[in-house]
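Chemist: Input sequences plus hints: build the corresponding full structure.
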Amino acid sequence: GQQVMQIPQYQHVQEGEDFTTYCNSSTTLSNIQWYKQRPGGHPVFLIQLVKSGEVKKQKRLTFQFGEAKKNSSLHITATQTTDVGTYFCAGPGGNKLVFGAGTILRVKS
Amino acid sequence: GAGVSQSPRYKVAKRGQDVALRCDPISGHVSLFWYQQALGQGPEFLTYFQNEAQLDKSGLPSDRFFAERPEGSVSTLKIQRTQQEDSAVYLCASSLARWGYEQYFGPGTRLTVT
Numbered sequence: 001g002q003q004v005m006q007i008p009q010y011q012h013v014q015e016g017e018d019f020t021t022y023c024n025s026s027t028t029l030s031n032i033q034w035y036k037q038r039p040g041g042h043p044v045f046l047i048q049l050v051k052s053g054e055v056k057k058q059k060r061l062t063f064q065f066g067e068a069k070k071n072s073s074l075h076i077t078a079t080q081t082t083d084v085g086t087y088f089c090a091g092p093g094g095n096k097l098v099f100g101a102g103t104i105l106r107v108k109s
Numbered sequence: 110g111a112g113v114s115q116s117p118r119y120k121v122a123k124r125g126q127d128v129a130l131r132c133d134p135i136s137g138h139v140s141l142f143w144y145q146q147a148l149g150q151g152p153e154f155l156t157y158f159q160n161e162a163q164l165d166k167s168g169l170p171s172d173r174f175f176a177e178r179p180e181g182s183v184s185t186l187k188i189q190r191t192q193q194e195d196s197a198v199y200l201c202a203s204s205l206a207r208w209g210y211e212q213y214f215g216p217g218t219r220l221t222v223t
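For the record, the sequence lines run as chains A and B.
Okay, so the first sequence: first residue is 1 according to the working numbering, each after it adds one.
Okay, so the second sequence: first residue is 110 according to the working numbering, each after it adds one.
Each pair of labels, with its calculated beta carbon distance range:
no. : chain 1 : residue 1 : chain 2 : residue 2 : range
1   : A       : Gly-1     : B       : Gln-189   : 24 to 32 Å
2   : B       : Asp-172   : A       : Lys-57    : 45 to 53 Å
3   : A       : Val-44    : B       : Gly-149   : 15 to 23 Å
4   : A       : Gln-58    : B       : Leu-205   : 17 to 25 Å
5   : A       : Pro-8     : B       : Lys-123   : 37 to 45 Å
It should be emphasised that the hints constitute simulated quantities derived from the structure, not laboratory data.
For each residue, glycine too, the CB sits at the ideal point set by N, CA and C.
Modeler: Here it is as structure tokens:
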């Protein structure tokens, strides 16, 4: 079945450093969604990308969808302590969203 | 407005007991999803409803798991004869439609089977 893989599994950065997480799908995706889950919280939708090569920005967050629509990335510029949490990508697979295992971000102040 | 709510937030069950987990989706949301999230993992799909119809239950791990949404709003996930491997957070999410729309997650129910 469809698989969605994320790397790295875990990243610990100094406040102010940049952070990037990568997402790869075993199949071509019609769209990809990104969610953030704070420690002890539930996933919260961040963004959806639909077009090949699409780039979207939300303040310090930049999301990219690969040309082949099989990979995506999330880049955070100048991380802040409020960025801590787990970032998940998810792609449609039949009736469901298939989530990656997530990248845990910790920020040292 | 009100988001997705789930109850109970925490449940401790002894092995072999039956449990029922409730989800109140956002009013007007057609689609409802149940997920299971193990520690350190992403949410794993369990089942999907469109209104009252259960269109996909391919993710339910065994026939001990049963879900319903009889009136197309509130949903219940029932687990019979709980086992230790059922311990996880059970997340409910609702959406305006199946695709092209974000999913709104509830706070989850943390189930611990002892």
